[in-house]
Structures are given as C-alpha cells and as structure tokens.
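Residues per chain are reported as follows:
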Amino acid sequence: GAVVSQHPSWVICKSGTSVKIECRSLDFQATTMFWYRQFPKQSLMLMATSNEGSKATYEQGVEKDKFLINHASLTLSTLTVTSAHPEDSSFYICSAVRAETQYFGPGTRLLVL
Amino acid sequence: EDQVTQSPEALRLQEGESSSLNCSYTVSGLRGLFWYRQDPGKGPEFLFTLYSAGEEKEKERLKATLTKKESFLHITAPKPEDSATYLCAVQAGENFNKFYFGSGTKLNVKP
Chain A
514 GAVVSQHPSW VICKSGTSVK IECRSLDFQA TTMFWYRQFP KQSLMLMATS
564 NEGSKATYEQ GVEKDKFLIN HASLTLSTLT VTSAHPEDSS FYICSAVRAE
614 TQYFGPGTRL LVL
Chain B
142 EDQVTQSPEA LRLQEGESSS LNCSYTVSGL RGLFWYRQDP GKGPEFLFTL
192 YSAGEEKEKE RLKATLTKKE SFLHITAPKP EDSATYLCAV QAGENFNKFY
242 FGSGTKLNVK P
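Residue numbers (my numbering), protein chains in the order written: chain A, 514 to 626; chain B, 142 to 252.
It should be emphasised that the hints constitute simulated quantities derived from the structure, not laboratory data.
Remember, it's a predicted structure, so these values are computed and weren't measured experimentally.
For every residue, glycine included, the Cβ atom is placed at its ideal position computed from N, Cα and C.
Keep in mind that a hint or two might mislead.
Heads up, simulated BS3-like pairs for lysine-lysine below, C-alpha to C-alpha not over 30 Å straight-line [what the hints assert, rightly or not]:
no.	chain 1	residue 1	chain 2	residue 2
1	A	Lys527	B	Lys183
2	B	Lys247	A	Lys568
3	B	Lys183	A	Lys577
4	A	Lys554	B	Lys220
A short, non-exhaustive set of chain A residues, derived as facing chain B with CB atoms under 7 Å [claimed, not checked]:
no.	residue
5	Thr545
6	Thr562
7	Ile606
8	Glu613
9	Phe617
10	Gly618
11	Gly620
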C-alpha cells in the first residue's frame, strides 16, 4: 500500500512553454502533498506544501506564479511550470502523506531546451 | 534552529562489511524520524519510522535505532544491491506537516 505515481516520468519542452506534472496517490487519500526539486547529487529541496481544497504554501524563494500548484482532489495534485526556461530543468518529486508518513512518487525529469 | 545532519556523506564498503549510518537531529518536539532509500533517478523509498527513544526496527539487512539525539541505520553484511543514497527526515513541532531532511549518505557496496 501507499503507492504514489507521477506523470509524465520525463518531459522535454521548448523554452517558454508550460509543463504540467501530475501526482496521484493510488491507494489512499492524501490531504497533504509536497513538491520537491532535486539537483544532481543534492538532497531534496522542498518547493511547496499542497493542501486539498486550499492554496498551496510555498517555501521562501519559490515563485508561486512560476510554479502553480493545484490540489484538486484527495488523490491528485498538479504542478505547472509556467513559461519554462532552461534553468527550470531539474528532477521534480512529489510526496503524499498518509498517517504522518511521506510516500514519494518516482519523480519527473524536466529538460527545457 | 531545527536541523538534521547525516554522516558520513559517502561510505564505501566491501560486500559483507557491516557498518552504520548516522542521523543526528536538533528539533523541538520530535514526532517521528523517517529513513528512506533513494536510487539514482528515482523517488525516495520509505524504509522505517521511529517515534521514541529506544525504538528499533528491522528489515532484511537494515536495522534502525533511535535515541534522543540521533538515529543509526545499521547495515549488516551488505550486498551490492544495497548501494543507494539513504535519507533521514524528522517530523517535528506542532505543525505535523513540517519535515526536515538530511542531506543523505551515499552508500557504495563493492562486490
């Protein structure tokens, strides 16, 4: 149990386009989901906390207009990278909370050309 | 300031050579300490949750222990497939959605 999926697993896009990444909890409901970014050989960097039915809480330094988060249901949160640029290229990972434990998705690798 | 520190940053072991990874923390109001395994290009995989000092949990060659200041992840007779980055996270404070992650220990087990 406690399976989290992400889609797509990887995406390549042109600079200036927007990219949406989905995070789903497959076998449980999650009031809270988190979005992380990870650079090569570095640890997880928390971007925002996504709560179902309310606005996301962004960490300091993360542009909320750049990284739009929508937690539309208890099993789905989406991260949209708007007007993506090469510096947004990274590995994005979501997690969903069940019984105060985070369960992570497999990650989405974004490459912006 | 709440903080989680993992050591060593990297660890090389020969197959069968047992060792321990450390996660020390300074937080107010520990609610839980979590261990994860992360393989390259993948999301972290949940291993253990520890809630109180003295608690221990085991899974195959891994054993996690907890004191009031730190946690150890003991690896007994490791195999090459145990090679991964091991992450420690602490949940603390009144906001149960607040987690603090360490920077990880990269383990390499040579055959």
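Legend entry - Violated constraints from the hint list, given by number and in increasing order: The structure conflicts with hint 2 only, although it agrees with all the remaining ones.
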